[in-house]
Each structure stands twice: as C-alpha cells, then as structure tokens.
Amino acid sequence: MSEFEPKIVGFLCNWCSYAGADKAGSAQKPYPASISLVRVMCSGRVEPEFVLEAFNNGADGVLLLACHPGDCHYKEGNIRALGRHEVVVRILEQLGIEGERFVLEYVSASEGDRFVRLVEDMTDQLRKLGPLQIRR
Amino acid sequence: MENNAQHEGNHGGQGEKLKTSVYFCRCGSNIASRLNENAALLKIECQRDVSKVKAVNLLCSEEGKEFLKNDIMEDRPDRVVIAACSPREHELTFRGVLRDADMNPYLMQMANIREQAVWVTEDIDEATEKAVRLVRAAVSRVQKHEPLEEHEIEVCPDVLIIGAGPAGMKAALSIAQSGRKAVLVEKTPVVGGMPVLYEEIFPNLECGPCMLEPMMDEILHGEYSSNIELLTLSEVDELLGFYGNFVARIRKTPRYVDMDKCIGCAECFEPCPVQVRNTFNFGLDVKKAISFPFLGALPNAPYIDSRKCLRFIGEECTMCRESCPIEGAIAYEQEEEMIERKVGAVLVAVGADLYDPTNIPNLGYGKALGVYTSMEFERLLSSNGPTEGKIKNMGGSPPSSVCIVHCAGSLDENHKEYCSGICCQTAFKFNHMIESQLPGTRIIHLYKELVIPGKDDFSLHHEAKDNPNAEFVRYEDIRDINIYTPGEQENVQVDYRDASGREGSFMADMVVLCMALTPPAGSEELALKLGIPLDSSGFFEELHGRLDSVQSKVKGVYLAGTCRSPMDIQKALDQSMASAGYILSGLVVGRKLEVKPTVAEVDADRCGGCRICVSVCPFKAVEIDGETGKSSVNAVLCQGCGTCVAACPSGAIKGNHFTREEILAEIIGGLR
Ligand SMILES: Cc1cc2nc3c(=O)[nH]c(=O)nc-3n(C[C@H](O)[C@H](O)[C@H](O)COP(=O)(O)OP(=O)(O)OC[C@H]3O[C@@H](n4cnc5c(N)ncnc54)[C@H](O)[C@@H]3O)c2cc1C
Ligand code: FES
Chain A
1 MSEFEPKIVG
11 FLCNWCSYAG
21 ADKAGSAQKP
31 YPASISLVRV
41 MCSGRVEPEF
51 VLEAFNNGAD
61 GVLLLACHPG
71 DCHYKEGNIR
81 ALGRHEVVVR
91 ILEQLGIEGE
101 RFVLEYVSAS
111 EGDRFVRLVE
121 DMTDQLRKLG
131 PLQIRR
Chain B
1 MENNAQHEGN
11 HGGQGEKLKT
21 SVYFCRCGSN
31 IASRLNENAA
41 LLKIECQRDV
51 SKVKAVNLLC
61 SEEGKEFLKN
71 DIMEDRPDRV
81 VIAACSPREH
91 ELTFRGVLRD
101 ADMNPYLMQM
111 ANIREQAVWV
121 TEDIDEATEK
131 AVRLVRAAVS
141 RVQKHEPLEE
151 HEIEVCPDVL
161 IIGAGPAGMK
171 AALSIAQSGR
181 KAVLVEKTPV
191 VGGMPVLYEE
201 IFPNLECGPC
211 MLEPMMDEIL
221 HGEYSSNIEL
231 LTLSEVDELL
241 GFYGNFVARI
251 RKTPRYVDMD
261 KCIGCAECFE
271 PCPVQVRNTF
281 NFGLDVKKAI
291 SFPFLGALPN
301 APYIDSRKCL
311 RFIGEECTMC
321 RESCPIEGAI
331 AYEQEEEMIE
341 RKVGAVLVAV
351 GADLYDPTNI
361 PNLGYGKALG
371 VYTSMEFERL
381 LSSNGPTEGK
391 IKNMGGSPPS
401 SVCIVHCAGS
411 LDENHKEYCS
421 GICCQTAFKF
431 NHMIESQLPG
441 TRIIHLYKEL
451 VIPGKDDFSL
461 HHEAKDNPNA
471 EFVRYEDIRD
481 INIYTPGEQE
491 NVQVDYRDAS
501 GREGSFMADM
511 VVLCMALTPP
521 AGSEELALKL
531 GIPLDSSGFF
541 EELHGRLDSV
551 QSKVKGVYLA
561 GTCRSPMDIQ
571 KALDQSMASA
581 GYILSGLVVG
591 RKLEVKPTVA
601 EVDADRCGGC
611 RICVSVCPFK
621 AVEIDGETGK
631 SSVNAVLCQG
641 CGTCVAACPS
651 GAIKGNHFTR
661 EEILAEIIGG
671 LR
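Residue numbers (our numbering), protein chains in the order written: chain A, 1 to 136; chain B, 1 to 672.
For the record, the hints were derived by calculation from the structure and aren't laboratory data. C-beta atoms are modelled at their ideal positions from N, C-alpha and C, and glycine is treated no differently. Wrong hints could be hidden among the right ones.
Computed spacing ranges between beta-carbons, pair by pair [claimed, not checked]:
no.	chain 1	residue 1	chain 2	residue 2	range
1	A	Ala27	B	Gly504	22 to 32 Å
2	A	His68	B	Asp574	26 to 36 Å
3	B	Ser459	A	Gly70	52 to 62 Å
Mimicking BS3-like on lysine-lysine, the simulated pairs with C-alpha atoms at most 25 Å apart in a straight line are [unchecked claim]:
no.	chain 1	residue 1	chain 2	residue 2
4	B	Lys392	B	Lys465
5	B	Lys144	A	Lys7
6	B	Lys43	A	Lys7
7	B	Lys308	B	Lys187
8	B	Lys17	B	Lys144
9	B	Lys144	B	Lys43
Let the sequences and hints guide you as you build the complete structure.
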C-alpha cells in the first residue's frame, strides 16, 4: 500500500512566509507536493471560516504561516492570527477534529529551509493522525 | 512565438460563463523541462471555466509581453490566469500588460507553478499534477475577481513640523526652499532645541550657537522665511484627517510681547521687579519674569512668564511696558489662540529629554552638592549660561577634580535598556573642555561600556585616553556607585566597586551624570493626538526600523531626530532631510494622490457598529461615523492587510482583491 499523502492547505502571508516559500523554490528544495499554498497579504487576514472550509473540502491539515513575532509587515496581524488560531483549535476540537491538524508557525523571507521542514513535519504528523475522518 | 493547445471557449450554452484565458509560461526551460507540458496543457484545457490555454516561451520578456497584450486585445477574455513564476516577481509586470491591453489589471491571477511546483517537486508526474492543481485554484479564484479602479484625490502640499530643534528646523528650511509652506510649531519661546544650549558641539568642537545661528537666521529672516510660519509657545492640540488632507489645531499661548514690534533691546528686564528660576539653565540661576531665555536666544524677543508676573497674579504692574521704547510691543492683552492649519504631511521632531537622575538615588543628585546632569553641565560650560562659561560650582570655586559618570540609566534593565549613543561623546567633549579651561584637573570617568562608532568620533576619545590626568574605571552596575557628601565637607565622596569586583573611593569637587536620553515629556499625549504609536521604549515608532525609519505607522506622519531614538545631531539632520525627501516626492504640487483599490471597504448595511475593526486596525484607517454609528475605512490610510476583514463579526467588511469569495474559491479549487 502506498503511503498516505495528506492534503494540506497553507495560508502564507505575502511579506515573509510566501517569500520564504519562494526562497525554498529558488533554492530548489523539494517538499511534499500535496500542499497547496494560498497567498494572503497578512496572516491576520485568515478567517476561521477559511480553515473550516479547507477541512470541509478535503484538507487533512491546515498550515498558517506568518512573519515572526515583531516582524509583521502590518505590525500586529500575526498577533491577531495567534489569537484566532487558539480559538479555531478549540472549535475544531469541539467538532471532533484534532487540534494538531491546524498549525500556526512563523517563517521569514530567508527561511526557505525552515519552510520545507515545517511542511515535512506537518506531513509526518498528519500521516500519524491519518486521513481526516469527518467528511460530509 | 509558438502556441500549443489552443482552444477557443465554447461552454455548451452556459451564457453566463466568463471567458477565461490561461497563459502558460515555459520560463525558458525552467518550467518546460520539469513537467510533462502536453499533459499539463491538456488537463488545464479540460478544466471547468477555462476557455483557452496558450503556452509561451518567456512571458516576461519584451516579446512575451507584446504577445500577451496583442492576444488579450484580440481575444478580449473576461479573466486571465498566468501560470508562471511567483506573483512577488511579476504580478506588477503583468498587471501593467493588462492595463496596456485595455483590460482591468485586477482581473488576472497568477499561478506560481515555478517556485511552488516544478522547482520543488522531483517527480515529473507529480510536478505536472501540482502545476495543474495550482492553475485550477487560480482559475477558480479569478472567476470571483472584480474590476478595481485606482483613483486620485487632491492634496495639500504644506507641511506641519512639530519641534524646532535642529531636525525640525532643517526640514522646515528644505520644505520652504522648495516653495512649500511649513508650519513650524515649537513649545518653548525659542528655536534651536537642545544644541543651542551647548557651548561646543562634538565631534569637531564647533561653537553650538554659531553652528545653528545661520540655520535659525534663515528660518527667521532668510530668502525663504516667508514660507515658514513659526509658532512659538505653541503645541498641537488635535490632528484630524489623513495623508494629503490633515487639519491641525494648534494651541498658541501668549508671549505677551508682540514679536512684530519688539526689537529685542532688553530695556524692560531691569525694571521688572520679579525674579524667577531660569528653566533654560535648569534652575541653576534666576532671571526676570520678562526676559530672554538666554542671551542670543532666537527669535530675538523676550517673553513674560505669566505664572510669576505680578499682572497675572492679580497686581497692577506695568513696569515693563513703561520702560519699553516701542508703543504696543508689550502686549498684556494677548490671549491664547487656537489656530487651524491645513497640511498634507506632518513631521514629528520633538527631540528628547534626560532620564530623571533621582530615579537612581545612589548617584546623589539633588542631595550631594556639586552633582550635575550633563545638560546642567552644558550650561555651566556655556558663555551665556549661569556661570558665563566658567566651570565652577554654583557660588563656589573651580573644581580640582571632576567625576564623569557614563551610561547613567542606559544599558540597564532597571532603567533604560538601550544605549543612549551620545553620552560617551558628550563625556569626552566634557573631558576636553575641562582640560582646556582648567588644565591639570583630575577627571575620573566611571563607565559601563564605551561606544565610539563612526569615522569622526575617535579623536575626542583618544584625547581623553591620552590625558594623563584622566582615569578610567569600568563598573558593571550603576548600583555599585555611591555618591554622597560625607559629614560637613564641601565636596563629595564617590565609592564604587569596579567591574572586577575591586572596591575604591575618591573625593571629587564636581560630579557630572551623563543621563540616558529618554522620549520627551508629553510624548504619550502627543502620540495619542497624532494617532501614532510609541515603541516599547516610549520613542515614536517607525514603520520599519531599517527600511522606513523616518515614517511612522500612520501614512503621512514622519519622524526625525531624537524623538525616534537617541542619536547625535548629524543623524537627526540626516533623518530630517530624509523625511523632507519623502514629503517632497510624495506630495507634489499639482499632482494628485493615487489611492490603491486593494483596501478594505465596509458595507454599512451590515455593520453593527461594534468597533472591533477600529481596535484591530494598526493604521488608524477605520473610523466610526458619529452620526450613523457605522464604521468606514479611509482608503488613503488603509494598507490592505485584511485584519479588520477577518475580525468583523458581521462579515460587513470586504477586503478588495482578497475577498472571502476569492480566497474560498482558491482554497476549494486547490483541493478539488
Ligand atoms: C548633554 C548632551 C550633549 C550633547 N552634545 C552633543 C554634541 O556635542 N554633538 C552632537 O552631535 N549631539 C549632541 N547631543 C545630542 C543632540 O542634543 C541631539 O542629537 C539633538 O538635540 C537632536 O535634535 P532634535 O531636533 O531631534 O531634538 P531637540 O534638539 O531636542 O529639539 C526638539 C525641539 O522640540 C521641541 N518640542 C518638544 N516637545 C514639543 C511639543 N510637544 N510640541 C512642540 N515642540 C516640542 C523642544 O522644545 C525642542 O525645541 C547631546 C545630547 C546631550 C543630552
Ligand atoms: S505580514 Fe506577515 S504576518 Fe502580517
């Protein structure tokens, strides 16, 4: 049996994380192909609904990547994102979805390697958890 | 140009469908060689909503852009997807092409198949699949795109400058020289800031007033002075509006001397019966209730200290008016005025203060005689100061030993964590001036760190190091120093433990405390009025510490000088010129201000007036309308981060170009 390839939706802020993913790209560092990246201007733009809809539409995990604390291009969008992350994790758990399926991390524009590692780690973690069970 | 897999849209009668063209860039061989192109094109072509796919060798080349433009003009698609590199690289390029092709530039979406698919996926089939998936997400998103219009607004090119220290003055002059109007608001009766109080200025030991006088003269009487409106004894009370269109309300307190009439003859000082402590000499001496702050102060007109003048505490005294040779120059009838000025930009240059030495009681300030702050010592050195430049204790004799405490309150987690940057140089300037006036004086430097960067600043340090009468003792913690007057003695005793733990003690006739520079008094209040934030140390916070250190977080409000961070005069002036540059290039006479459409917009019908958006906006761009109680976003101030959009509990805010529908379509398109 071939290994389970978890589907991940990644929300990346334009200024640091998306640039970090581009960095991994130009350095040609391979990472699991089953992630789809969605660009937002700031991690603070990500609404709980986006995360829930991602799960609802077949994602096994959601990765929200922001600028490091203090580095947000818009000052504190990543702090908002952090607050919302906590809330969404609680909602997910209420719905019977493991909180570990929604991860918030920080990636700077130069951290291509870190971006790759985070995608790999998340993929490993989701493999352990297995495919998301609740599907409508 | 080679076109593969061309396919004209035919959507089986679904008339509402948008004609969507996908342009697939091979990026030389960068993309083409790492996936199965034919398979990819075929799969893209079959995607719902795709009308046609065209592969192009290098879409960002001149030839590629020309092709894209012509193809769009010929074909008139409703939506365009460009499958190529990162939008961070070429989104603006392709938006430009759409504009040239007469198509709204926001009806395009890029699929980043180079950085996110072919360059990071080793298996060629997987790379093909992923590229197709990214295109699907983009196609699905672009269906939801809306045409967005850039628009323009009129702006006022005039500038409000707060603080007439070196930074504020320099900026006012540059603005005035360009033919614009500068409103220069200064809270004290004089211009020049801190440095007019110094006898000499490091690193070259120029005379302070002489260095600044030409600048001050130009402001008051120069070729462009008519473009500068100087308001002394004034403070900004309120700032309304936004970049390009601010309205400032300025509170001007009376000088009780008509600056247009007064010739500065000083005849009125002598007859005045009231003495007050001179705050410009930090209370070291007294002056009359009507007087100059110090000799040579500009503008050259005295002011009346209304807290002490007899007239203003209920007695009928007209001594100064009687002695004045000019009719109407003494103007008791002046009243506080509220002045309103329209400006396009604001520069904050309110300088700094010294950290209060009584916060470190072991330094003996205010208790032991002969302990001065660095600013007070500057006044003792100054020929227009309380001792006319003679280094001596007030009422006493010249010292034979002076202790200079560096880093007092700086680099200290119990006080100010930062290095104040100017104290070492100040201390070495003092070392030089003491040695030249009183050769042979013992000078003991107590320091924590020595910070002497830059190409000019080493010479004074060398001079101090080479001075045989100067001693250097390094301490670790300011609490290891104890300064006090023992018993009945005149001079002070300094006990210390040095950095290696050794204890010592000496007597000194004078102690100078190089206190940390702090944000100026009242900065919190001012920040609130201007709607700009302070940083964790209380200084005015920059938009970006490296890239945009003279812009505040609010568009159109700039920062220069020590109100931003401790710095010397050179840096303060550099920053003031940088701010002037931003202002002159951003607000151009006769040019309107471009307003980006990628901002947040409130649907008033859905807004519940909960104010969450106001509280989360980092740029003060969201306001609640006093009458309707609904929020609205100022498109000039909004930076398009989308934080309010995500925070709104009623879903009433739309983030243009990153709408809920667009993002959801992209998420779902990528998962399908
Ligand atoms: C003891 C000492 C010695 C120094 N010696 C030197 C030296 O030799 N060489 C050197 O390069 N640097 C020296 N410095 C540093 C120098 O003083 C600063 O770099 C310089 O003053 C910065 O200029 P500024 O215009 O930013 O601020 P300031 O000179 O502080 O001017 C700010 C102005 O704003 C006004 N203001 C404040 N609040 C308001 C308000 N709310 N509304 C309106 N106006 C307001 C103030 O009254 C003042 O006029 C020294 C500093 C100290 C403490
Ligand atoms: S811009 Fe990166 S988190 Fe806000």
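For each hint, the structure was consulted:
no.	hint	in the structure
1	Ala27/A to Gly504/B: 22 to 32 Å	57 Å, violated
2	His68/A to Asp574/B: 26 to 36 Å	29 Å, holds
3	Ser459/B to Gly70/A: 52 to 62 Å	38 Å, violated
4	Lys392/B to Lys465/B	24 Å, holds
5	Lys144/B to Lys7/A	24 Å, holds
6	Lys43/B to Lys7/A	20 Å, holds
7	Lys308/B to Lys187/B	19 Å, holds
8	Lys17/B to Lys144/B	12 Å, holds
9	Lys144/B to Lys43/B	22 Å, holds
Violation of the numbered hints given earlier is confined to hints 1 and 3; the remaining hints are satisfied by the structure.
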